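S.K.: Working from the sequences, and respecting the hints, build out all of it.
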Amino acid sequence: MSHASLSQLSDAALIESAQFAVRRERSCTAEVVAHIAEVGARKLHLRAGYSSLRDWCIAKLGLSEDAAYKRIQAARASRRVPRVLPMLERGELSLSALVTLAPVLAPGNAAALLERAAGRTKLEVQQLVAEQFPQPDLPTVVTTSDTTEPLVPSMKTGCQRSIPTRPCATQPPLTIRLFGVGPPPHVSFREAGPTR
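With the first letter of the sequence shown counted as 1, position 33 gets the number 32 in numbering that gives the first Met the number 0; the numbers rise by one all the way through.
To be clear, the hints were calculated from the coordinates, so they are not data collected in a lab.
Be careful, since some hints might not be right.
Below are the DMTMM-like pairs computed for lysine to aspartate or glutamate, each with C-alpha atoms no more than 20 Å apart in a straight line [said to hold, decoys possible]:
#1 LYS121 - GLU91
#2 LYS69 - GLU24
#3 LYS42 - GLU24
#4 LYS59 - GLU91
#5 LYS121 - GLU88
#6 LYS69 - GLU15
#7 LYS69 - GLU91
#8 LYS59 - GLU88
#9 LYS42 - ASP54
#10 LYS69 - ASP136
#11 LYS69 - GLU88
#12 LYS121 - ASP65
DEER-style ranges, computed between Cβ atoms [said to hold, decoys possible]:
#13 HIS2 - ALA105: 24 to 32 Å
#14 ASP10 - ALA129: 36 to 44 Å
#15 ASN108 - HIS34: 25 to 33 Å
#16 GLY61 - ASN108: 33 to 41 Å
#17 GLU64 - LEU122: 16 to 24 Å
#18 HIS2 - VAL140: 50 to 58 Å
#19 VAL140 - ALA47: 39 to 47 Å
Note that the structure is a prediction, hence the values are computed from the model and not measured.
C-beta: ideal position from N, C-alpha, C; glycine also.
M.R.: Laid out in structure tokens, this is it:
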């Protein structure tokens, strides 16, 4: 149906048409997720020369990075727990809610989790996951030092990157060390000595 023809519909017909479009969209999303799951299982993206399923989805399916991420997470969850696809298609589980559940969804906990998540919003599913799988609070670390340490990747803390900044000529540079990989993430603010 063209956008122009929508203006010709009665109010009731427009609402009915919108509801039908949403059902069709859910069905299409579930179908795309199922296809991505099968492509991933067969590793067809590797045979096509792509290093990741994400890259394949972006290049071959024309998905945005966000759309590819969500559908890949849903696809992987559907391989572990196939019943998520019909729930996605029926609208019992939104794509965003499924992506939120995906990291903790396993065959052993699927029945209880999916029953509690059905019909809930993404925020409600986030709260459900937080209740069922509590995580320890992450510490905040701020330190100062007179010297700047050399950058050394660490297995314990992950990749370290120093970002020297100079807010003004009279102040010494401020080095911010970001820990990009590894549990738990820390940020360290370090006053650096004069540059040599």
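S.K.: Confirm or reject the claim that HIS2 and VAL140 have a C-beta distance inside 50 to 58 Å.
M.R.: 53 Å Cβ-Cβ, so the 50 to 58 Å window holds.
S.K.: Holds or violated: are the alpha carbons of LYS121 and ASP65 at most 20 Å from each other?
M.R.: OK: LYS121 and ASP65 at ~16 Å, within 20 Å.
S.K.: Is the hinted pair LYS69 and GLU24 satisfied, with a Cα-Cα distance of at most 20 Å?
M.R.: Status holds; Cα separation ~15 Å.
S.K.: LYS42 and GLU24: Cα distance at most 20 Å?
M.R.: violated, 26 Å
S.K.: Given a hinted range of 16 to 24 Å, is it respected by the beta-carbon distance of GLU64 and LEU122?
M.R.: At 23 Å between Cβs, range holds.
S.K.: Holds or violated: LYS69 and GLU88, Cα atoms, limit 20 Å.
M.R.: holds, 15 Å
S.K.: Mind checking the alpha carbons of LYS69 and GLU91 for me, to see if they're no more than 20 Å apart?
M.R.: Holds, at roughly 17 Å.
S.K.: Assess, step by step, whether the Cα of LYS59 is no farther than 20 Å from the Cα of GLU88, and give holds or violated.
M.R.: Violated, at about 23 Å.
S.K.: For LYS121 and GLU88, compute the direct alpha-carbon distance and say whether it is at most 20 Å.
M.R.: With a Cα-Cα distance of about 16 Å, the restraint between LYS121 and GLU88 holds, given a limit of 20 Å.
S.K.: Check whether the Cα positions of LYS121 and GLU91 lie no farther apart than 20 Å.
M.R.: Roughly 12 Å between the alpha carbons, so the hint for LYS121 and GLU91 holds.
S.K.: When you check the alpha-carbon spacing of LYS69 and ASP136, does it fall within 20 Å?
M.R.: Violated. LYS69 to ASP136 sits at ~26 Å, over the 20 Å cutoff.
S.K.: Are LYS69 and GLU15 close enough, with their CA atoms no more than 20 Å apart?
M.R.: violated, 28 Å
Figure legend: structure checked against the earlier numbered hints; hints not met, in rising order: 3, 4, 6, 8, 10, 13.
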